[in-house]
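Please build the complete structure, drawing on both the sequences and the hints.
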Amino acid sequence: MTDKALLTIVVDLDRCWGCRTCEVACSLEHGLAPGLSFIAVEQNRGRAPIPGSPQGKSFVPVFCQHCDDPACVSACPSGALDKGADGIVRANPEACIGCGACEDACPYGALFVPPETGKPGLCDLCAARQLTGRLPACVQHCPGRALGLKDIESVAVSGIRSETEPEPKSEWGVGRTVYKAR
Amino acid sequence: MDAGKEKRAAFAASVIQGLAARGAAGRRMEETRSAGINQGDSEARRSAPRPDGQALLAASQAWARSEGLEVIPSCCFSCNTACELLVFRRKSDGRVLKIEGDPSSPVTKGVLCPKGLAAVDLLYNPERLKKPLRRVGPKVRNSADPVRWEEISWDEALDEVAGKILGFREREGARSVAFLEGTRRGWSRVYSRLANAFGTPNHGAAGWAQCLWPRLVDCKVTFGAQYSEACDFPNTRCILVWGSNPASTWPILGADIMDAVERGAKLIVVDPRLSETAAKADLWLRLKPGADTDLALGMLNVIVTEKLYDQDFVRDWTSGFEALVGDIGWRSPEITQELTGVPADLVTEAARLFAAAPACISRCVSVDQTADSVQTCRALSILSAITGNVDAPGGNVAVSLRGEKSQNTHEFILADRIGPESLKDRSGYDTYPLLCGPLSPVPSNHMPSFWEQVASGKPYRIKAALIFGSNAAVSYTNSKRVREGIGELEFLAVCDQFMTETAKLADIVLPASSWLERDNVISSFQTANEYTVFQQSCAKIGESRSDVAIIGDLAERLGLGDLFWKDPRDLYDYLLAPTGLSFGQALEKRRLYAPLVFGTSRKNGFKTPSGKVELYSSLLEAEGADPIPGGTGKEEAIKKAAGDDRAAKDRTAKDWAVENLAAGAAGEPSLESYPFAFSTGARSIFFRHTENRRNPWLIAREPRPLVYVNDETAEGLGVSDGELVEVFTPAGSALMYAKLEPEVAPDFVQAVPGWEGKGNINFALGWDKFADGIGTVPMRGLRCGIRKVSDDR
Chain P
690 MTDKALLTIV VDLDRCWGCR TCEVACSLEH GLAPGLSFIA VEQNRGRAPI PGSPQGKSFV
750 PVFCQHCDDP ACVSACPSGA LDKGADGIVR ANPEACIGCG ACEDACPYGA LFVPPETGKP
810 GLCDLCAARQ LTGRLPACVQ HCPGRALGLK DIESVAVSGI RSETEPEPKS EWGVGRTVYK
870 AR
Chain Y
16 MDAGKEKRAA FAASVIQGLA ARGAAGRRME ETRSAGINQG DSEARRSAPR PDGQALLAAS
76 QAWARSEGLE VIPSCCFSCN TACELLVFRR KSDGRVLKIE GDPSSPVTKG VLCPKGLAAV
136 DLLYNPERLK KPLRRVGPKV RNSADPVRWE EISWDEALDE VAGKILGFRE REGARSVAFL
196 EGTRRGWSRV YSRLANAFGT PNHGAAGWAQ CLWPRLVDCK VTFGAQYSEA CDFPNTRCIL
256 VWGSNPASTW PILGADIMDA VERGAKLIVV DPRLSETAAK ADLWLRLKPG ADTDLALGML
316 NVIVTEKLYD QDFVRDWTSG FEALVGDIGW RSPEITQELT GVPADLVTEA ARLFAAAPAC
376 ISRCVSVDQT ADSVQTCRAL SILSAITGNV DAPGGNVAVS LRGEKSQNTH EFILADRIGP
436 ESLKDRSGYD TYPLLCGPLS PVPSNHMPSF WEQVASGKPY RIKAALIFGS NAAVSYTNSK
496 RVREGIGELE FLAVCDQFMT ETAKLADIVL PASSWLERDN VISSFQTANE YTVFQQSCAK
556 IGESRSDVAI IGDLAERLGL GDLFWKDPRD LYDYLLAPTG LSFGQALEKR RLYAPLVFGT
616 SRKNGFKTPS GKVELYSSLL EAEGADPIPG GTGKEEAIKK AAGDDRAAKD RTAKDWAVEN
676 LAAGAAGEPS LESYPFAFST GARSIFFRHT ENRRNPWLIA REPRPLVYVN DETAEGLGVS
736 DGELVEVFTP AGSALMYAKL EPEVAPDFVQ AVPGWEGKGN INFALGWDKF ADGIGTVPMR
796 GLRCGIRKVS DDR
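Residue numbers (this note's numbering), protein chains in the order written: chain P, 690 to 871; chain Y, 16 to 808.
These are calculated hints, taken from the structure and not from any lab test. Each statement offered as a hint is correct.
Simulated DEER-style distance windows between Cβ atoms: (1) Y:Ser81 / P:Ser767: 31 to 39 Å; (2) Y:Pro153 / P:Asn781: 53 to 61 Å; (3) Y:Gly502 / P:Pro804: 39 to 47 Å.
Computed footprint of chain Y on chain P; a stretch qualifies when at least three of its residues, placed anywhere within it, have a C-beta under 8 Å from a C-beta of chain Y: (4) 706-717; (5) 728-736; (6) 743-754; (7) 823-835; (8) 862-870.
Beta carbons are placed, not taken as given, at the ideal position from N, Cα and C, and that holds for glycine.
Quick look at the structure:
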């Protein structure tokens, strides 16, 4: 891992309690209009217990998964979205024609075109922060410390407490983002 | 629902399914029971691993330098937690651009909740008050016409305030002037000091009897301590979160709780709603709102009956155990179930879990808001005491300061300036000794009685009031009556940051600075058990000033200047003097530290009359209050258990709703019109009390006043998620938006308080009854009706 490589995000559902701090942190960090953010917390209910909640009410932060096979990239007619060699989906606003096909294509509702810019907005893993040695805004401020970082090989986890975990948790994901729970 | 939201919700469901398929199952009791206690030194366990905080801080500073920003360490005061943070200020023009958590903070480890993150708006919100204002018209305070203001200088404003209240004191006595305030903001006790120095017995706040005072009275009479309920989370094996939702309202506490849970501690949450914290619980006890004392006493009885208590501690360090046992012996888990709605087997299981391990109780304001507030708190303290979880690792502990002087003493607030004759003039003094007399943290008025007095002029007229840092027209219960009272005042000065509904009623409005513009020494159990932290001013907005400075200037005009501090830093130097540090030196140091010490009371005794933990309280007995928490009376309880109101209990959610609908349509209020149990206990992470509704970053996330309603009940009422409903009681009503939750009991609704306008739920709360001894306005276990209304109403 070179020091320019971006780390992707791992979410510990056992520690996410749905406070939505990540949403506000993201909104402020990226200068989005109040109420908009590249991460949003959804609730999931089920017959207790379910992953993330012994009582059957879990919270799931949803944001760009940096999919293995990203639908947004395929849908983009102008090549403004690209999955890099490091597995990270990036937007190139210069090439974007503002058609909105990416927003329709994203199966997870994680990407949208803010009216202010007309260009696709998605979680960029706070690249500007990471490249200057800082944690992504959501990761740093998450009160439950449910958000952490992992490297692209998905082998190391940092930024999220793990010493206290009695045993490794189950992991699941559709791309570079990993969700875990016990 | 927009397409994006729908897709996100579907993805969230697939995450849960995906994890379940990989073997994740949610935590189960068997797992936690078998988990062993982690060994290792407690300091290591206290700090969850993060990337090195100092390195992250250095990175932030380096980035800031490259952007032409300077980084000022301070701490938040968007709530009482006071999280340490970094303020990023542009060097060229001094504008604050950004606020982040301080990653080097040993207390927060860099986290910061939305209120702190979005606080830049406190500085630059266009509605911030920047100059003192004088009312030009209309003369009638409660007039519907828009208020006209003129800007005046600070000298004019303070001369007028001082001149008015000195005039009233001269002509009508000091008692004709009242000093009112809101939640603690770091200067509260300086304000209390001003009230007492001025000589009026009339001083109070919207909270107090409904917030913290019941807990503090409990700590004092039970343990002889100022504050003895901090939790030693790093060493605990069981956490009983009682009626509190730290995930939303005290996030750094929530993180400590999650850490403890990951180490294998059990989490029991008592809450009528499946709160964010309860969602993580091993045991969730869904009690009927207001049944707290009965539930605690029921758990106590299990512990006593099964002899699970700490027999050595009870023998050596408690008094009144036999009396307690005699009082609660009839409270079987089955009777407790009838009284509280919590299934008998869960009552037993929770009691056993709590008694089996080093365990702590994490409680907050909800226990202060029951109909027998002090007794609810006492029942919980007794639970903690007889299980030996007092002053012990993993239990509830007393916190002290780090050497600095406390403002929270009767000496600091000059309480003895109000003599016995004057005290008789304090509304509630005869009836509520625990609030108005010497056992109270700040001896003060019973505020419902006070507002009745202001409104009626009996037994004597209150002519003038100063209201500092309080949106009184919204934050007191019975808002209608409070506004009638305010309408009767001959003079009102309000000190605030915004033109609130209360400020609009004033003759003079003083612009207060926000916490970002102030220095402060914060030594609060709410921040940390082991640290004192500091705030430093990062900006100046208009002519707004710190309340400490305003109070100092006002005191000078009242001839009391020698008792106050003209420059707030003088106050902080004074408070820090015993540590040998000036405020400036303390800022350099960032924080003061002293480790938690266990076992002091077991060595030196408790500072109660008996020297022991008083299960039977001699101090309460002397004040005419119940020496042992009573809860629901035995006869009434047995009647209930016998099934006298079985018919009512067997009604389904829809029956409740249909009945409610019919009663509402008939338009004739009767008992049947109010079928719902009701509380105003819900809170949001985006707001505190009445604050932050003007902040676009926060209001966008929760734009409307919410009321939580069971989804089937709502269906019966024809109400969908997000629709407007009227919550009504005999006292009044509020318009709120239904938030549907399947886990809320069918006959319960819970409102989020703090909204101005028609969504102010305090319009629906009357003053029918108050807690014995302390006069709490109950906000749990109330009754209301709800009905759908159309949005255009």
